[in-house]
Amino acid sequence: MVRNANAAAKQPKNQLTRRSGWSSFINSENAAGYIFLAPWLIGFLVFTAYPIFASLYYSFTNLNPLKGLGKETFVGFQNYINMFTTDSVYYTALRVTFVYALVSVPLRLIFALFIAMLLNRKSKASGVYRTIYYLPSIVGGSVAVAVMWRSLWIQEGTINAVLQSIGIQCEWGWLTQPSTALMCLIILAVWQFGSSMLIFLAGLKNIPAEYYEAATVDGAGPFRKFFSITIPMLTPVIFFNLINQLILGFTAFTQAYITTRGGPMNETMFYALHLYRQGFEYNKMGYASAMAWILLIIIGIMTAIIFKSSNSWVYYESKGE
Amino acid sequence: MKKTSLVLCLLLVLMTVLSACTDGSGTSSTGSTASGTSSTQASSEDTTRPITLGISWWGGSTRHEYTNKILDLYKAKNTNVTINAEYVSWDDYWSSMNTKAASNTLPSVMQQDYAKIGQFIDNGTIVDMNAQVDNKNLDLSDIKGDAFYGGKIDGKLYGISTGVNAFCYLYDATALKDAGVTLPSEKFTWDEFNTISKDMMSKAKLATVPMINTDPKFFVEMYVRNQGKHMYSADGKTFGFDKALLVEAFQKQEDLSKSGNALSPDIVNAATQDKDLLAEKKTWGEPLWSNQVINVMKLANDETRDFQLTMMPGTDNGGIYLKPSMLWSITRDCPETDRNAAARLISFILNDIEANKLAGADRGVTIMKKVNEALVKEADPNNKKVYDYIDVVGKYASEIDPPEPVAGSEITKEIKDQFDAIVFGKKTAQQAADDCWKNSEQIFATNAG
Amino acid sequence: MKTRRQVGTVIYHIFMILFALLMLYPIIWMIMSSFKPSIDVMTKSYELIPSTWDFTNYYRGWVNGISNIPFSTFTWNSLYISVLATLGTIISASLAAYAFARCKFKLRGFWFACMLISMMMPIQVVMIPQYVMFQQFGWAQSALPLIVPAFFAASYGPFSIFLMMQFMQGIPKDLDEAATIDGCGKYSIFFRIIMPLIKPAIASAAIFAFYWKWDDFIGPLLYLNKPQNYTISMALRMMSDKDAITDWGVMFAMSTVSLIPTLIIFFCFQRYLVEGISTTGLKG
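Chains as they are written, first to last, in the working numbering: chain A, 1 to 321; chain L, 1 to 449; chain V, 1 to 284.
Isolated chain A (complex conformation) (with noise of 0.2 angstroms):
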């Protein structure tokens, strides 16, 4: 490709070259594009095609993984019917996802947005400080982080120990109530903001320094400059954070599943646990793989929500002003 590439540029360069016929059409949009497409989409064809459309066929069974895979038999919509109407779970479920991915995905945002700006500065301290910021997240999905965070949280925990020791007597236990369990995972999330924070950071350095430089000529301030470059240099990155951070807000498992095992009273039951617990532990493996195709429309609606509206926010240095 790069020996066509330099045959071509042999070539007289005050003109736009005319391409020979097979470099022609290895450089055109489609060849080219699939070509550099190819290891994703194999790889979507072989690993990841199938196990979709397997669950999707499985929704629609009664499969039991203990009795081996072949054995189940069809059922038709029964366990998308089920699901809205004997399972006295799927509701709570329901609520408590979004409560978690609605509340804890804007506040990290927020925070990862605040901080990556303050930290937007070439100098020793900041790579410090990145650096503990980032830490949170990386403790990620652990038994030690579920531990820490129960000890944490419970009655006897840190939190109540440190609100007493400033004259609050507090008594409450926050991660077995039923009404602030939830809230000890939201935080456990929002405190993981890291992640988020990087990639706010390499968008931030993206942006051409010349932009602000001839900001301040203009006689720009600093807000003038944050609302004017830096918000809408920044939007295909809030974009991307925002869908990403929503998807996995949605699909979240393993805080739930070893901090709190969906209890107290099933109000950290997310949803992606629920289905764990059907598919697993009650071996409804057709019930669960219905459950995930729910899950799946309710992001993609979302998802497709914020794709459309991502026309009128989002700004693209390379579609032009």
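Treat the hints as calculated values from the structure; they're not laboratory data. These figures come from a predicted structure and were not determined experimentally. Each hint can be trusted.
Where chain L lies over chain A, by a calculated footprint (3+ residues, C-beta under 8 angstroms):
1. 65-79
2. 147-155
3. 264-270
Ideal Cβ placement from N, Cα and C applies to all residues, glycine included.
Starting from the structure of chain A, add chains L and V where the hints point.
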């Protein structure tokens, strides 16, 4: 034209790749364990042919450690056997096993849990071991009485107990004596329970924990069994008792919660197996499985405290039962030719005295007589309490209920949810029982398919 | 003026430090717990600084490990799997991102939607069909299912693709046009212009791909059957037993050790997030 041909080329490549990959591995689905020998006649047992057995269990570092040592002992005595051991935590075990079950790649021998074994039996995932007992590869000659403890269903032996345990009420005898409260008798009646609960609160400010907070299903089960009923009906499609009994059982908890002697739900729910309420002197006693007792004593780390075991309140009329702590089963993915060898491995683990000394009572109190004698002789005082308790239970126990039906796991969760509502004071016993009954009927219905 | 700026800086630092302490407290607790004797970790969980120091946890975990498999083995397993998978992801994802961002090919929208959908599927539901599929390939008892899909932008690929797309779309098309006039084809543009300009995206994607792979336990749980092949994420989970006491000191010690490679990757790639870029050549 050129674009279409490119796309077709790519499709061809894709198909070639896929078919090449699928062709190369057709034989891998017949169980992950058998080596390539082709002998199909298992009648005359050739104990020297090379064989590979897979075995899986769940546990923590301790159990992994000693079980591997046991397997090493076995391998030393049976040099033709290669053992592929898989071991993970309890949480991960079932995801892994279920996935393997779906693809027919289970290891030959697997550790089983009584609450889950019903599903494995119903779906044909584990096999009958009677043949192995008959041809003596699985040596059960030394078993205590008829102690199959639930592994035998309809005459077929699906799992052999690794050891037994039973529910008990572990209490701090020192604390009771110091408060001048009468110790529970061997039978622990409800009157005794209520009195102690009241007195310990007033005299020693020690509260009482809920009736089996982690798994209230067992409380309900023992309660109805004590009235001569069973948890589930014979066909597993409904409860084996009337709603009135459920109300009574829930009422016991409601009475406790409203008595002013109950430990706050926040403290109760913050406990884990490493942060034990009794060890930390937050309560005077708690319901536990007998094989959890040693841990509590270790956590308490206090020689001056005398912990004693007694039965669960109000279970002396056959309510209490001995349960297989865990079971060993042979899976359907174990090739027929290997089943005798698998049985011999299980037999060793159960009968070999050295192996059991390594295990102690970690997998329950052994059901083999000679092993029991050997272990009891060397038992430290704490372990001896557990062994003695199991003997006591034997006097009052009635046979364990058959394994749970398909709906069992969901019903257990439903009972827990309703029980929590009582503990948190959100529902009365009647309301909780009504909701529980209604939801359970739906669960039974959807699982009937 | 100068004092005002100094005061501003001081306030800035005070805020950042306080906030940092808040953020770090749980992690400090975790690290401190790794220096406590195991029995103290939970019973004296309110203590930040250990009253009794125990330095053997690290040694016992690293050298003795679980049932004679040392944590050094588990760490190595995690390392080679994560590094390979990250490499694979970056390569395949950047190629695909370029296709989506810069090439107008037929069905682009459709494939993009497919890619997004693959991000939205919960793993719990695809893990059984995936396992069966790998079973058919004959890969099920090895690390291949954990590594090979990464080279085809599966698993964490879509995230990286999407991320890099956003950055690529921030590069003005004028650059592409200038390069085309100079005789570059699509491929040269990719290697010489686009890739160098999205270094921050590559860095971020690499950090994330590594960390997610490192933390993943479901993949290793299903496909790595011999305990000596287990990754550190699985090993940590294997330490706790619902029936017995867990050796918390060792577990926290090894959890702390488990943080180190991800941190190293972070440090290595961090400078790409700090470097500025400029689209020189476009002045005017």
